[in-house]
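**Student:** Chain by chain, the residues:
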Amino acid sequence: MRPYGEADLLVVVLTEALGRHHGLARGGAGRRQAAIWQPGNLVAARWLGRLADQLGSLSGELVHAGAALAFDDPLRLRVLGAACAIAASALPERVPHARVFGGLLRLIAGLGANPAPLATLVRWEAELLADLGYGLDLSRCAVTGASDGLAYVSPKSGRAVAAAPAGRWRDRLLALPAFLLGTGDGDMTAWRDGLRLTGHFLARDAFGAHHRPLPAPRVSLYDHVCRLAALESGMAAAETEV
Amino acid sequence: MGGPEVERLILLLARLPGLGPRSARRIALKLLREPETRLAPLAAALAAAAQSVRACSTCGNLDSTDPCSVCADPGRERRVICVVEGIGDVWALERAGAHRGLYHVLGGLLSPLAGTGPEDLAIPTLLARIEAGAADEVILALAATVDGATTTHFLAERLRPTGVRLTRLAHGLPIGGTLEALDDGTLATALRARRSALS
Numbered sequence: 001m002r003p004y005g006e007a008d009l010l011v012v013v014l015t016e017a018l019g020r021h022h023g024l025a026r027g028g029a030g031r032r033q034a035a036i037w038q039p040g041n042l043v044a045a046r047w048l049g050r051l052a053d054q055l056g057s058l059s060g061e062l063v064h065a066g067a068a069l070a071f072d073d074p075l076r077l078r079v080l081g082a083a084c085a086i087a088a089s090a091l092p093e094r095v096p097h098a099r100v101f102g103g104l105l106r107l108i109a110g111l112g113a114n115p116a117p118l119a120t121l122v123r124w125e126a127e128l129l130a131d132l133g134y135g136l137d138l139s140r141c142a143v144t145g146a147s148d149g150l151a152y153v154s155p156k157s158g159r160a161v162a163a164a165p166a167g168r169w170r171d172r173l174l175a176l177p178a179f180l181l182g183t184g185d186g187d188m189t190a191w192r193d194g195l196r197l198t199g200h201f202l203a204r205d206a207f208g209a210h211h212r213p214l215p216a217p218r219v220s221l222y223d224h225v226c227r228l229a230a231l232e233s234g235m236a237a238a239e240t241e242v
Numbered sequence: 243m244g245g246p247e248v249e250r251l252i253l254l255l256a257r258l259p260g261l262g263p264r265s266a267r268r269i270a271l272k273l274l275r276e277p278e279t280r281l282a283p284l285a286a287a288l289a290a291a292a293q294s295v296r297a298c299s300t301c302g303n304l305d306s307t308d309p310c311s312v313c314a315d316p317g318r319e320r321r322v323i324c325v326v327e328g329i330g331d332v333w334a335l336e337r338a339g340a341h342r343g344l345y346h347v348l349g350g351l352l353s354p355l356a357g358t359g360p361e362d363l364a365i366p367t368l369l370a371r372i373e374a375g376a377a378d379e380v381i382l383a384l385a386a387t388v389d390g391a392t393t394t395h396f397l398a399e400r401l402r403p404t405g406v407r408l409t410r411l412a413h414g415l416p417i418g419g420t421l422e423a424l425d426d427g428t429l430a431t432a433l434r435a436r437r438s439a440l441s
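These protein sequence lines map, in sequence, to chains A and B.
Residue 185 in this note's numbering sits at position 185 of the first sequence, with consecutive numbering throughout.
If you want this note's numbering, it's the 1-based position in the second sequence plus 242.
Chain A on its own, in the form it takes in the complex:
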């Protein structure tokens, strides 16, 4: 959302039936409505315009204050910011993506209580890639065809590769965290690998196709998680030495 004039906001909402949708929220930056038009809030929105291709005006009622539930936790706030930035810029205007909408809804609704919001974000990003036509094939190894022992993903084809056939090419492949195969929720290192994996394909396909970079909040989230993962592995190494 961007301020427009003194008290109005240009708002982007993600809807189930109409996909990403712009509108002008009159008084949206004012005292009465500012709490409604926060990134990550679930809003019952109403769009009005004389013609379908006009910007039109949006009015809304707050249903779930997802933003407020993330205020106290910097990591959850970053997750929310990254998800909103991707939803606002990766999806085409007014094309329904019900699966992406449902995934974002689950991510935001569970943000306050979810012990692994990063795993949910990575899964949602993989869903978004699939919905846009750039889905990853994690069902079997691209080399052997086997469905077990999958540990990497080819950065070119987006297909999974098992650990054994990866061999000396493993440094060129992207690590595939187990939580993306449905095993557990992962740890900080797995979340970092997951963000790197989906980030690579988002940057190359979803954003690169439009000659746009990955949104800054998503880049910043990955950098932050890299720092946390390094901190965690450093602490684990210190504990082992003791």
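There's no promise every hint is true.
Unchecked claim - Some chain A residues well away from chain B (every beta-carbon gap over 10 Å; in silico):
1) A34
2) G135
3) A163
4) A166
5) L174
6) S220
7) L231
What the hints assert, rightly or not - Stretch by stretch, here's where chain A covers chain B in the computed footprint (C-beta under 8 Å, at least three residues):
8) 332–344
9) 428–434
Bear in mind the hints are in silico, worked out from the structure with no lab data behind them.
Cβ coordinates follow ideal geometry from the N, Cα and C atoms, glycine included.
On the provided structure of chain A, position chain B as indicated by the hints.
**Tutor:** Chain B only, in chain A's frame:
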């Protein structure tokens, strides 16, 4: 309508916050009808403000002196700095009379979605001020919005190594507010920030 001077006056007034062409015309008419009592004093006040009011080099507040009257006041708690988004927030806190320390005006909030970064705000000057040992406590009095929370977390992370006491404003029930009238976000935040009822 009334010559180029009047047109220009209306045009300039219409650009002010809260005013449009219609209200600008009404104000211009009022001023021009009473030049001695309205127009001349206003013009003199505007000229004096333009001549003397500057941003304080320490905190960013607007005043006719540098450092500003708040920074120069020896009666204030000089070891407590309240970080605010804008000068309007300084005025609001001064009206409330609740803060007796100093201020630091950021000039906005970090907004990754809008592309506002730390270099666009007065964050380097705040860090320099705190690293120079200017404070024992920093109160992060920023808006209860996503951008406000992002800025609060960013500043807390940056200021943590200095060892200064970091606090932020509470979120919760407004004075005179009832539970059923609150949105669920404020209610949940207020419940999380509950404190002992025994004073």
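**Student:** Hint by hint, note whether the structure agrees.
**Tutor:** Outcome of the hint check:
For A/A34, the non-interface assignment is contradicted: its Cβ lies about 7 Å from the closest Cβ of chain B, within the 10 Å cut-off. With 10 Å as the threshold on Cβ separation, the claim that A/G135 sits away from chain B holds: the shortest Cβ distance comes to roughly 27 Å. No beta-carbon of chain B is positioned within 10 Å of the beta-carbon of A/A163; the least distance is around 36 Å. Against chain B, the non-interface label of A/A166 holds: every CB pair exceeds 10 Å, the least being about 35 Å.
The Cβ of A/L174 lies farther than 10 Å from every Cβ of chain B, with a closest approach of about 25 Å, so its non-interface assignment holds. With 10 Å as the threshold on Cβ separation, the claim that A/S220 sits away from chain B is violated: the shortest Cβ distance comes to roughly 6 Å. Its beta-carbon lying about 13 Å from the closest one in chain B, A/L231 satisfies the requirement of being farther than 10 Å from that chain. With 0 residues having a Cβ less than 8 Å from any Cβ of chain A, the stretch 332–344 of chain B misses the three-residue criterion, and the hint is violated.
For the stretch 428–434 of chain B, the assignment as covered by chain A holds, since 4 residues bring a beta-carbon within under 8 Å of that chain's beta-carbons and 3 suffice.
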